[in-house]
Structures are given as structure tokens and as C-alpha cells.
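Chemist: What follows is each chain in one-letter form.
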Amino acid sequence: MKKLLLMSFLLVVGILFQSNAQERKITGKITSSADGSALPSVTVQVVGTTKGTQTDALGNYSIIVPSSKSVLSFRFVGFITQEIPVGSQTILNVTLKEDSKALEEVLVVGYGTQTKTNLTGNVAQISSKSIEGLPVISTEQAIQGRAAGVFIESGNGKVGQGVKIRIRGSSSVSAGNNPLYVVDGIPITSNDQSTTGGPTNPIADINFNDIESIDVLKDAAASAIYGSRASNGVVLITTKRGKAGKTNVNINYFSGSSEATGHRDFLNTAQYVELFTEARVNNGYSASGGYTRFDRYALGERARWQDPTSANYTSTNWEKQVLRTGKINQFDLSITGGNDKTKFYASGSYSKQDGIIVKNSFERISSRLNVDHKASDKVSLGINFSMARTFNTRLSNDNAFSTPMQIIALAPLSPVIDPRTGEYTDSYNGAVVTQYYNPLLSIKYTDNNTEVYRSIGNVYGQWNILPSLSFRSEYGYDMLFQNEEQYYGKETSRNNTTAVNGEAYKTNTLMFNYSTNNFFTFNKNLNDLHDIQAVAGMSYQQSKRSYLDATARSFPSDSYKMLISGATKADANSTENFYSFLSYFGRVNYKLNNKYLFGFTGRVDASSRFGTNNRYGFFPSASAGWLLSEEEFIKNIPQISYLKVRASYGLTGNAEINNYAALGLYSASFGYVGTPGQRPVQLANPDLKWEKTAQTDIGLEVGFLNNRISAEVDYYTKKTTDLLLNVNVPGTSGYSTLLKNVGELENKGWEFVLRTDNSFGDLKWKASINAATNANKILNLQGQVITGGFLNRAVEGQPLGVFVGPEYAGVDPANGDALYYKNTKNTDGSIDRGTTNDVNQAEYVVIGNPNPKWIGGFTNEFSYKGIDFSFTFQGVYGNSVYNGAGKFMSANGDFYDNQTIDQMSRWQKPGDITNVPQARYLGGNGTAESSRYLQDASYTRLKTITLGYTFPSSVVNKLKLSKLRVYATANNLLTFTKYTGWDPEVNTDYLGGVAAGNDFYSAPQPKTITVGLNLGF
Amino acid sequence: MKLKHKLIYTIALGLFLSSCDNKLDVKPVTNIDASSAVQTSADVEAILIGAYDSMGDADVLGGNPQRDAELIGDNGDIEWQGTFVPPAQIFNKNMLRDNGQAATTWLDTYRTINVANIVLANLGVVTAAKKSKVEGEAKAIRAWMLFNLVRVYAKAYVDGDPKTNLGVPIVTTPTLEITTASFTSRNTVEQVYQQIITDLTSAESLLPSTNGFYIGKNTVAAILARVYLSQGNYELARQAANRVISSGAYDLAKSFDLAFNNRSNSSEDIFAVQQTEQDNDNGYNTFFASPDYGGRGDIKITDQHLGSYEPGDDRGLFFYESGDIFTAKWADQFANIPVIRLAEMYLIRAEANFRLGGSPVGATSLADINRVRARSNASLYTTLTLDAILKERRFELAFEGHLIHDIKRNKQTIVKTNGSDVRVYPYNSPKLIFPIPMRETDANTQLIQNEGY
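Here the protein sequences come in this chain order: E and G. Mapping the first sequence onto this note's numbering, position 650 (from 1) lands on 650, and the numbers just tick up by one. Mapping the second sequence onto this note's numbering, position 420 (from 1) lands on 10420, and the numbers just tick up by one.
What the hints contain is simulated information worked out from the structure, not anything from laboratory work. A quick note: this is a predicted structure, and the numbers were derived from the prediction, not measured. By construction, the Cβ of each residue, glycine as well, lies at the ideal position given by its N, Cα and C atoms. Take the hints with a grain of salt, since some may be wrong.
Within a straight-line C-alpha distance of at most 25 Å, the following computed PhoX-like cross-link-like pairs (lysine-lysine) qualify [to be verified]:
| hint | chain 1 | residue 1 | chain 2 | residue 2 |
| --- | --- | --- | --- | --- |
| 1 | E | K544 | G | K10027 |
| 2 | E | K164 | E | K978 |
| 3 | E | K490 | G | K10300 |
| 4 | E | K544 | E | K352 |
| 5 | E | K164 | E | K352 |
| 6 | E | K689 | G | K10023 |
| 7 | G | K10023 | E | K544 |
| 8 | E | K689 | G | K10027 |
| 9 | E | K240 | E | K444 |
Stretch-level coverage of chain G by chain E, calculated; a stretch enters the list once three of its residues show a Cβ under 8 Å from a Cβ in chain E [said to hold, decoys possible]:
| hint | region |
| --- | --- |
| 10 | 10028-10038 |
| 11 | 10047-10059 |
| 12 | 10093-10106 |
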């Protein structure tokens, strides 16, 4: 019995022992197949149980498994999940492969997300990875060339200035053409808030290294959920969120320098003297009169310009005085972490760029905290909060004599410093020396600083009422406080006549913008046959802008710059305005049998901006898609891994007009010597309503060879009706324009995206090409012609902003006269191609288009073991740029402005064949605005190129780090163009309205090279 | 569970339906709605002030149109050395139809007319005691604006037949909305002058003799004197000038320099655009003054002009050097801008009396001319010629915006010599008339463009 008991005991122990032996500890290390680096935070789970763990910072894990039959799954975002039976192993090292199925990417759409497969609209996504660490200031600049159909243009190289962005062309003539920006669900202020000089860019307040993804909603199916503000497309910015698991710290630092992308050559002293002497004599002026003038420029010393052997001989290159080597430094720190209940992302960043133009700089300090918390299975809530301060040392706009680039108008005869005064050459003893004000005086004696405090944040709560139904409420705000301070020393009074004794000017702008979104989301899958996703809700937005400015004059010295020190308080103003939007929206996506996709959206919008008669607008869209690759007849073609066709149609609106545009307004800012006065400033239009754009999009998405190659083609037409148009009215009415719903325009275009994703052993190669056409055409303006810029127009039958002017016909070989084609209609209807030397006799005809025919980008990314190499080309094709300063700088000696070097090839004697007319001082010979100053400005640029090296984990681990990467990046390294100005990517910063594609002493873009270091631990 | 759901739905629906609709009626606060702007007598009086402000703009009476009259009429007395293209075209007598100044002068002057028309259309709410004064001022402003337009954009009254020559559109009603009536056509030069004279005559009878620095009876008579003079109607011109002089309201400033750069009106200012540090738009200063006097130094005075004065004439010394020579008339950017001075009335009366012969009105031509000359220590004449009288106008009124108008009404020819290059512009040359602005002919196809554009 005892034996039996003992046997039994042994048996039980044996069984126990055996089961103990089956429950085993497995350890191992998880690495990435891409570069062999350790993967932290990989979820390791025993399949069929809740047992699980995560890898540590070095990619190591250990887990107890119940039996040798257990299967472990290894999951990590962005990698293909692997399931491995443990068998008899105790050490299980796993290499995870990156998930290259781009088609499964999740896109952010309004009030939710969708997978690319299920999408029936057109959304372009740019992920944070592709733009990290680029040495540019604002998000739009970072994504230039990376999304099909998104045209981005930095008007010039001044840092911190506005950037033009057009999604699928311009849909409006007088209302805004910039897209709606939405950060984490909250519409933000994106339009220029500058009240001094050129535009500033509120998007530059956002640190784009905090951005997880940028989703551009292009067609109506995608954008109509934003209704009345979606005609110009919608840019959804989603910031980074925390991840559960180990706390990760990431540090990125880069530093570099920049140069101008281009230079222009101007006459040297000998050439200047030759050309202007000739120009005077040619037009009946004495040569000696010119010499007197030259003497003046040369500080009264003839030898300075006449005698190259003289020690004082001067030939100044003024451009060199204002262009410099810029500097850039940026430091980013981010920390992510959390647990199942609470996750956070926190970041801080400091960035400083000294531009390539003297005195121009931009500095940004920003921080962000995003927290998500799960209160229960049903309820989650969170907060996103960001704060930034930017400080921009600004320059005058391109039209000011004080803007640095206008320095090139000065004669090379003057030295930079006048030895008699030790000061920049400008005036001496009250008499002017240089022809124009010397902008270097403004650099030295003017302050022009803009400081912005910006906070964008929101809180949300989400209630998962049922597994299929949830309710989300968001409340967000965007606060922008802008402080602009200018001080003009008395030394600048030649430029600013009211600053004879110093002048200070200060403005404060406070823009407070709040909004709330409240919506239900419903998701239901029935028998794998019907899949329904629906959203319904409302939103309300209100915005208030308060503005204050004050001016004081007469300061004791330039040491005092605050208004309090000005003996004369010259001016003070304040204004305030508001707008509000109330909206109801809904969306239904229905997927049938995993093949047939249908989408419907609708939004009702009401805005305070519109007339009481037409305050509400309804903006619906419908779309459908067919996943052909789910059909048997395609499944049989092994090469085709994915195929979808889709189509959408919908209406969107545009409400980017002034806040009180529908009202007849009186202003009382018209007092007369202390007596208050008022008068009308705007005619009423109670019928004013939304500008509506009907957009059709047809798209095809295809993937080959397990999606190693994928492509997307879209064709769209956008027709805008009821244009919000500033109609020119007869000036005899006492008004010059009236905002009316008049006219129609269309944009049509193709978009192509081609991607490939390959690996050849350790070598990985990813490439993507995007290209897009857009043809803009104004269909109807009721015969109106709207002019802007130098020769821009909005006119029926032509693209918006088309250049219309006299057509330059070159130079009469007989007498050197500038000639223009008459282009008048003969009685038989034909066009008279005869020429005339009287520009007033030349008809205004279409001479060019500021809008490119093609835009595109080409990105390649290579990686080999730890080395990564990538580059992006970006370009525009088929557009022209008009040099508005041509009549000054390329005017064959018409006036004393220094001339571009090409003017030396002017006509001199009968028989000369040249395009530059005879030099005639004050002769106006060919200086009228005409196609003479228009040039093709197509360009291709090596936008960015990056070479990086990530140290292997063996090295990194020794340093107790999780990541170590060094890299070098160049931005705008090479530019290929026929444009002879400084840079073909140009749009002067002082012209608005229909003006486009104008160069006017605009600063060139920076060419930047940086080196950086990326650390993780 | 069900109850809980109901609760959720109720809250959510509440959020949906909570009416934000009233939040859409956002009242403007910086500017105000037109309907609430014109209700009381004070409102209309404030609009009249708005008309003065509009009229005081640099592009209306504040100096730029006067500058253009000097530039386009110049025969070598000045040299334009500025960079702005529109005035350079005007100086070169080679304007293009898209000349920006041509557009601005047109727009701002018609804007002033519209504001005056609003006042005239709302006289019903003006207090009885102020009504005739308000009406008189508004009519005078409207007429003055029309006079300035017709002289610039149309053939001179004495050039051909004013009954068939196209003038500018006459607008006498305020614009409340753009209708077909807003697309005006050009009236004839004769019709425009008739409208001007009708308005001015009415204004003169309505206004008190003095009205501070605003337009009063004497200001209107002075404008009328100019109008009649440009028509060659010397009888009415001398009568109007005489009414101003004999009113006794004005005296010539003690010396020539005291007539300019005054921050309050001088004793000889019949009308001056008021300037203050806070409210300042002085086109004269911008272009005629050197940088150290707050200007751009764009217009330098040549030896030809400086040499035309006789030695000892104070007016010939009223210049200063700052690199180039500039007129001292516009040296203070914050000083009032004299638009009509008493000296001009003496000159008009003298010229009209001389031309008409017979018994003079008020005083003899010789007495009037010598009165003006004596003030500037110029030698006194014992006999007079018409040429001397016209030259006297130039000595006294140079760079005050009279040049081209005097050339046209006297049918003089401009001869401009640059070395061997001699250009001749007869008084009726189309080059001396502004184009109808291109933005205007584009916006209103009813308008017929001037010859040569």
C-alpha cells in the first residue's frame, strides 16, 4: 500500500514534473530585416491566449510558453506579423520583414480614417518619414514635389514668408485659392496675418517634425465633407501620438549653411559709363551732363569712374552686398511612451535659420504634448496641445526701395562706404549721391521684427456606445498672437519720409479661432457581405480677429525705439472682426461583397460671411469603386495583385472672402483735421452666395507583382460656378469693384503616380514618380476683364492670370527702335502682323501663362545595410514669368538704374541684328510692359538629396543607444532652367489679386546643405 | 442599458440641434452697415467731412494732379528724375493707356463726386439751419471735381467745338447699387462746363461768406473765376475774382515765403487742403521736396527756370539746394497745401481786365500786377503787356498746378529742347490729354477713348 502510495506520488510528481517541463521559457531577439537593427516594443504573444510581452530597447524578450505546441506571434507596426511554433527551441530569434503593402496604408479623411483599398476618393498622403529633418521652415515647403496635383511655390528666398499652394489648380478669381488646413480635426488659421510688408506664413508656426502624416483631400468624394471650404482642397495634418511600451527618446540635430540658387550679372563701371554716355547722346542729351551725374555717384571724383589706374577706381558689385551665406540649426527632441491605458507624445524643438539675404532670419521654439487615455473599454479621451514662438527678422516687400535686392539698381560707380562719412554711400551733406536710397541703410538702421505666439490644441472624448457605434466630441482652438515692431532710424528718412526724426510702428494682431466637432461613427460588417461605415455630426467654428497699431515719431536717438520715447504720437488704430460657420455633415461608405464600394457625403454649411438671402449651402458627393482584383477573372492573372477603378462626383464651396463682404459698409476713418468723417467703402450684395465647384474624378489604381509596382491615374474636371468675383465697376460710380457671384471657370487635369518597391538582398530601392497636368480656363466673366500685376488678367477663354500685353517684335535693324506687333484685326478678320514702334498702336494679346502645364516630382530611396540614400527632383513645366523690373534693369539705358549685362548687346548702328533696342536715355525705347520681359520659367530642381548611415546595433548597443544615424542633406542643390533671372520659382510678395508669376527684385531661393545626427535611446 | 442609450442620444441630439443660427448674424464693428450710417443730420454732415477727406487725397487736390499739370506742360523748367513710371510717362508726354496715375486720379475724383452726391441726396435729414451750407459745400465739391476731370481727360474748352468735343461723364446721383445707369457715357465738354457753372452758382448763393477752412462763398467765387477763365469768359472771370478780392476776407501774406509751408491757413489762402501729423497726404512734398525735407527729390528745377526771374525777385530765390535745386514751396510735408491763393485772383482780374480793355473792374491791371510783384520785391511795371501778365502768373504760381491749363487756354506751344532733339507740342496735341483709363474703358464699354490711345 505504501508502495502504491509512493508509486502514485511519484506518478503525480512525474506528471507534475512533466508538465513543468512542458511550460518553458523562451528568449530571443527581434531584428528588422531591413537593416538588422533591434526592434524594441514588438508585441510577443502566445497565440490563443492573452499571455504576452514586449521586446525591450535592445529587441530582447523572454516569455513562458505553456507547451511545445505553443505558437508565438510577433507583431509590430509597419512589419509583417509572424507566427512561429516554439517546438523544442528555447531561443527564438526572429527577423521581421517590413510590410511593403503600401496599398494597405491608412489614410486620414475628414472625421475618420479609411484604408487605401476601401477609398473611393482621391487622397494623397505624405508620411512624416519622407520629410523629417528637411532644412525648410514650413510644412508646405517640405512636401513640395511629393504629392501629385499639389503645386507649391515659395515666392522668394526671404525666410518665413508665405508659400503659395494650389491643389488641382485655382478655382477662384477673387476669393482665396489656398486649401483649408485642419490640424487633428480642427480648422486652423492659415492665411497671411502680416500688416507690414510682405506676407507671413501661419503654417510656419507648426513644427513639421511633430507631424505623423499629411493627407491632401483632392477630389469631391474626399473633400466634400468639408463642404463650403473644400473647393481648393483640404490639407489634413495629423500629429504624432504616443505608443505603449518602453519610453523612447529621440534626438535629432542638424546644422548647415545656404547660398543663393542664382545670381545675375550687372554692368561694371566701364560698361555702365559706356552704355549711359551712349544712351544720353542717342537721345539728344549731352555726354557731359552724364559725366556730371557719374561724378555725383562717384563722390565727386572723376578718377573714381574714369581712371582704372586710380587707387580709388570703383566698380562695386552691389548684389554681393546683400546676398550672404545663410545658416541653419535645428534641434528636435521627442519622447513617446505609455501603457495600455495612457500614451503620450511629447516634443520640443528649436530651429533658427539665417536667410541668404542680409538681416533676414527666422527662429522657432515649439513644444507639443499629445496624450491619449483609455478611461474604460468604452470611454477614451485625450488632449493635444502645442505652443510655439517664432521670431522673424523681416525685410521690406519687393516693391520697397529698402528691400535689399533693389540695391542692384545702384550704379557700380559708387563705393559701398563713402569715405567722407564712413557710412554707406547714399547722401552727403544733405545732397543725394546714389540715384536711389541705399537699402543697406535700412539693414543698419531699421528694425523690422515679427514675433508670433501660437497655440493650437484640442481635447476629445470618445464613447464606444456599442461595438459598432461610437460618439466623439472634439473641442479645439487656435490662438495666434502676432506682434510686429518696426523702427526706422532718422538715417533712413530718404526712404521713409516721415522718419526724419525716427519713427516707430507697432501692431498687435490676436486671432482666436475655436471650433467643436460632434459626431457619431458607425461600423458594421454583416456576414462578410455588407460592410458599412458611417459618420454623422455637426461642427461650429467661430473666429475673431482683433488688431491694434500705433505710430510715434521724433525720437531722441536710435537707442530709443519704443513708442513711449517718440515725442509725437502720430497714429493709433484698432479694428475687430468676426466670422462663424455652422455645419452638419454625414458620410456613408458601403462595401458589398468586398468588391463594390460606394460612398456618399453631404454637408450643410452656413456662414456669417454670406448674404442673408443665401446663407446656407448644401454640398453633397457620391462615389463608387470596383475592386476588380477581387474578381475571379483578374485573380487568374498572377501578375496583377491589385486593381481598382473608382469615380466620384460632388459639390464643394469656397468662402474665402472678407468677413463682411455681403454688406454695404461705411467707414469712419475719413476724418478731416480732427473733425470726424465717414463715407461708404463697399456696396452691398445681399444675394452674395457660395462659389460652387462641381468636381468629377475618375481613377484607376493598379498593383503588379505583389504590389512591387503600383500605379495610380486620375482624370478630373472641376467646374466652378457663381464665382465670387471682384467685378470692376465703372469708376464714375464712386467705387472700383463689387463682389458678385459672376462667372465660371474650370480646371481639368491628369494625375499620375507610379511607385515601385524592391529589394535585392540587402539592397532596397523605392521610387515614386508623380506628375500632374492642370489646364485652367475662365469660361465666363460676363465680359469683365480683371487686371493685376503688370500684365496679368482674368479674361474669358484664358487661364487665370494669363499675361496679356503688347507683343514685342524685337529691334528695327534700320534705326534701333523697339518694335511691337500690331496684332490689330484687319477688315477681313485676319490679324495684322505688321510692326510698329508706337506701343500704343499695338494690340494687347495673350503672350503667356503663369500657370504650369505640368508639375511633378521624382523620389528615389535606396538603402543598403546601414546606408540610406534618397533624392527628390521636383519641377514645373510650361509656365512663364514676367520680370516687372525689366523696364528698370533691362531697359537699354533708359534711366540710371544699373542694367543687366545683356543690355550691352544693344543696337548701335544700322544693320545690327539684336533684341536689345538702341540705348536712349529717357527714350522709353522698348521699356513699355510687353512680352520683351516675359520668359519661359520651366524648371527642374534637385529638391532634396540625403545620404545617411545608421550604425549597426552592435555599435549602438555598446553606446547604450537604440539608434544612431548620421546624415547629410542638401536642398535645392541643382536647378535646371532657361530663366535668366535669379530663380525661376518666383512670385513677388507685394502683388495680390490675379497677379501671378511676376518677378520684381525678388530674392532667390536658398540652396542649403546640412549635416545631422539622429539619436534614439 | 436602453435608458442609458436614450440618454446618450438625447445629449447628442441636443448638441446637434442647439441652435447656433443666431451666431451667424455677425455685426460689423470696425465699419458699419450702410443702413445705419445715414440717419441723422450729424451722419450727413460727417459724410460731407468724408467728402473733404476724399478731396484732400494726394491724388485729388493733395498735389499729384497739380504735379502732373506741371510735368506734362513742362518745356525744360524742371527735370523728372524719379523712378515712378506713371509720372515719368506724363513728363515725357508719352502716356500709355494703362498709366496708373490716369486711373487713380479718375477713380479718386469720381469717388469724391459720389460722396458729395450722397450728401445732396440726403439733405432731407439735415437740420434746417445747416441745410443750405451743407448743400452749398457738396455742390461746390462736385463741381470742382468735375472741373478738374474735364480739364485733364478732355480737350480744352477753347480747343475746337466744346459742344461736340467729348468731356467726361456727369454723375449727379449717388450710387446705391450698380445698374445700367452706372455705365455712363461721356457728356460733351460744353455740358460738363454747364453742370459745373450751375452747381457753383447755386453753391455761391447758398454758402456763408466765411466758413473756416471749408468751402465758403468766396471759395466758390474763386473756383468760378478759374472756370470762366479757362472758358475765355473774361467778363465773368473778372467779376468772380473781384467778388473774392472785394470781400476783404483775405490779404496777401506779408512776404512771398509766408504764403507757403504754413501749418494753419495763411491770410491769403482761399482754400488749402489741411494737413496734420495724423492726417497727412502731401503729394507735392513727396515729389517736389528733397529727401532731407521729407520728399523723394524727384523733380529738380533747372537753370532755365531759375534764370527766368529778375534779380531781386523773392520768388526767384524761393528755392533750395540739396544735391539738386528744389522749389521751397513744398518743403514741409505737414504744412497745409494752398490750392487757391488770393494772388491768383489778382492775376485773374488783371488778365481779364487787360484783355477786355475799357474800364476795369475792381482795379487796373497794372495795380493788380504790381501789388503781386511788390510783395515779392520785384520791380514795379509802368506799362503792361499780355505777355507780361501771363509771365507773371508763372513767376507767382509756378509748381502750383497751373502750367498745362494756362498753356491750353492761351493756345501756346510747348517746345522742348534736349540738345539737338527738339520736340514741339501744340496746345491741342493729343499727347497733352490724359487717356481715359484702360481699367475704365474695360469696365465700361460706353466710354470712348481719347485720340492717340
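Chemist: Would you check the hint for K689 of chain E and K10027 of chain G, treating anything up to 25 Å between C-alpha atoms as holding?
Modeler: Distance ~18 Å between K689 of chain E and K10027 of chain G Cα, so the pair holds.
Chemist: Straight-line Cα separation of K164 of chain E and K352 of chain E no greater than 25 Å?
Modeler: 22 Å, holds
Chemist: Could you grab the alpha-carbon distance between K544 of chain E and K10027 of chain G and see if it respects the 25 Å cut-off?
Modeler: 12 Å, holds
Chemist: Holds or violated: are the alpha carbons of K490 of chain E and K10300 of chain G at most 25 Å from each other?
Modeler: With a Cα-Cα distance of about 23 Å, the restraint between K490 of chain E and K10300 of chain G holds, given a limit of 25 Å.
Chemist: Given the hinted pair K240 of chain E and K444 of chain E, is their Cα-Cα distance within 25 Å?
Modeler: Status violated; Cα separation ~42 Å.
Chemist: Taking 25 Å as the top limit, are the C-alpha atoms of K10023 of chain G and K544 of chain E close enough?
Modeler: 12 Å, holds
Chemist: Need the status of pair K544 of chain E, K352 of chain E: alpha-carbon distance at most 25 Å?
Modeler: 30 Å, violated
Chemist: Taking 8 Å as the C-beta cutoff, is the stated coverage of the region 10047-10059 of chain G by chain E satisfied by three or more residues?
Modeler: Answer holds; 9 residues pass the 8 Å Cβ test.
Chemist: Establish whether the coverage given for the region 10028-10038 of chain G by chain E is satisfied; the threshold is a Cβ-Cβ distance below 8 Å, and no fewer than three residues must meet it.
Modeler: holds (count 10)
Chemist: Does the alpha-carbon distance linking K164 of chain E and K978 of chain E stay inside the 25 Å limit?
Modeler: With Cα atoms ~22 Å apart, K164 of chain E and K978 of chain E stay inside 25 Å; holds.
Chemist: Counting residues of the region 10093-10106 of chain G that have a beta-carbon nearer than 8 Å to any beta-carbon of chain E, does the count reach 3?
Modeler: holds (count 6)
Chemist: Verify the proposed pairing of K689 of chain E with K10023 of chain G, using a straight-line Cα cut of 25 Å.
Modeler: At roughly 18 Å apart (the allowed maximum being 25 Å), K10023 of chain G and K689 of chain E satisfy the hint.
Violated hints, in rising order: 4, 9; the structure is consistent with all others.
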